[in-house]
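> What follows is each chain in one-letter form.
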Amino acid sequence: MLEISNLHVHFDLNGTIVKALCGVALGVGPKETLAVAGESGSGKTVTALSVTRLLPSSARVTSGEIYFNGDDLLLLGEGALRKVRGKEIAYIFQEPGTFLNPVYTVGNQIMEPLLLHQGLSRAEAFAEALKLLALVRIKQGRRVFFSYPHQLSGGMNQRIGIAMSLACRPRLLIADEPTTALDVTTETEILDLLCELKSNFGFSLLFITHNLSIARRIADRICVMHKGFVVEEADTERIFSSPQHFHTKELIRAYQAIGTL
Amino acid sequence: MIIHAAHISKYFAVEGGMYKRRTGLVRALEDVSFSVRESSTLGIVGESGSGKTTLAKIVARLIAPSKGTVEFDLARINNFRKDVQIIFQNPYASLDPKMRIKEALYEPLLIHRLAAPRQLRDKALELLDIVEMGEDALVRFPAEFSGGQRQRICIARALATQPKCIILDEPLSSLDLTIQLKLLELLLRVKEKFRLTYLFISHNLSVIKYMADFVIVLQEGRIVEQGGMHELFSHPSHPYTASLLRSARR
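Sequence lines, in order, name chains A and B. Going by our numbering, the first sequence runs without a break in its numbering and finishes at 261. Going by our numbering, the second sequence runs without a break in its numbering and finishes at 250.
If you are wondering where the hints come from, they were derived from the structure by calculation, not from laboratory data. The hints are all genuine.
Heads up, simulated DSS-like pairs for lysine-lysine below, C-alpha to C-alpha not over 27 Å straight-line:
| hint | chain 1 | residue 1 | chain 2 | residue 2 |
| --- | --- | --- | --- | --- |
| 1 | B | LYS182 | A | LYS19 |
| 2 | B | LYS82 | B | LYS98 |
| 3 | A | LYS227 | B | LYS182 |
| 4 | A | LYS249 | B | LYS182 |
| 5 | B | LYS82 | B | LYS102 |
| 6 | A | LYS249 | A | LYS19 |
| 7 | A | LYS83 | A | LYS131 |
| 8 | A | LYS198 | A | LYS139 |
All figures in this text were calculated on a predicted structure; none of them were measured in a lab.
My request is simple: use the sequences and hints to build the entire structure.
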């Protein structure tokens with residue numbers, strides 16, 4: 001369903017060229033969960049952002065293709081791409097506090113994609129937003145609807161982020177370290193919620209993490225990145241039973257020492 | 001026992017309305033007692049909001065408790081600010097962005113008169129060597145380093161005063177797992193080498209298991225369980241500890 005091939009991305013930092021991605025290739029099938037694992041700086045987030053061309057202006061895609069349902073997203077016009085973003089491909093980000101707009105109520109922000117993409121009236125969008133809040137297991141949806149992000153906890157804000165991302169029933173959800181900023185118990189709740197929603201809605205999931213224990217819990221396949229390269233890709237159990245690459249082994253060593261009990 | 005904390009409570013006033021009247025009281029810590037044996041690591045675990053950082057700040061004498069006392073073994077800790085150091089969670093906030101690394105390392109050496117001005121550079125290099133960083137770091141600024149490297153610099157700076165005890169408040173929580181493991185290994189080596197006592201705070205039970213000899217479990221400001229690391233992990237007696245173990249084991 002999503003097929004990235006030979007993706008090269010450079011950053012131009014005041015004349016210095018930094019190669020962020022060097023020929024990244026990966027694919028996500030329908031209803032599949034692919035975890036992209038790697039240290040910080042390995043290019044996980046850049047890969048995620050380049051899918052819908054959300055990279056900052058200093059970045060340049062020098063070559064490669066990103067096929068989604070038959071279209072190369074890199075060649076799509078800005079207008080056509082806008083119909084894909086949020087509607088077909090949605091994101092959840094790491095810091096729930098920073099992707100939400102602090103001056104709008106969370107309800108307002110959940111309604112935005114519904115008004116924009118689905119063409120619902122405000123009354124319909126309001127009703128749908130309350131449904132979405134219930135879907136992500138938020139009690140007292142009405143009270144939360146009229147709250148501002150700073151009045152809610154990190155876990156709660158991440159639930160809002162999930163509700164927003166699911167508003168248009170996307171076919172691909174890209175989750176960029178969605179639980180890194182959360183407590184372990186909250187992390188478990190959010191991961192369970194994601195798995196449950198995934199089986200209910202049948203979307204594909206591209207899950208980015210530096211923590212192999214999380215990847216092991218949710219992914220069908222794992223792709224390990226290091227310094228802009230995909231160094232290894234295999235079924236989850238295979239990665240753990242017979243890791244091939246040095247950096248995969250390093251990730252597993254960390255996972256065994258402090259990523260699990 | 002190098003540290004002995006008895007019946008510590010800490011309340012924060014909630015102010016609101018006109019004239020900042022006191023409208024409520026947050027009980028951050030309630031009747032917390034514990035001791036730390038010399039050259040051991042006490043792990044303090046709990047979720048955010050459980051009072052871990054408040055406890056760290058009280059032990060480090062950065063804030064005063066509302067009730068209770070923290071006593072130190074005066075035979076070993078006689079110059080508090082030299083003998084007890086603290087490493088904070090966020091290495092981006094705990095290094096002055098306008099100080100070169102050498103200045104950050106020289107400052108504690110000068111304040112505590114641990115080196116003459118012409119020895120400073122050698123001392124600083126020695127400290128950087130312990131945390132496996134090279135000479136080139138000296139003239140650079142914190143912004144030029146990654147999170148893991150900055151935390152190494154913070155460890156070097158803490159070691160500058162030849163402390164007996166280091167309080168580590170979630171020192172690795174903002175870092176990748178692989179970098180966390182490398183730093184934990186470093187912290188264990190340093191502990192052996194200098195016979196340090198650690199007060200290690202984390203919300204991650206696996207990290208606590210890797211580091212600690214004794215553990216305190218905090219929930220909403222109260223100790224719900226304390227004891228040796230192995231007993232606690234094999235036979236948790238409090239349901240909250242059991243639930244923490246369950247989430248970590250998933």
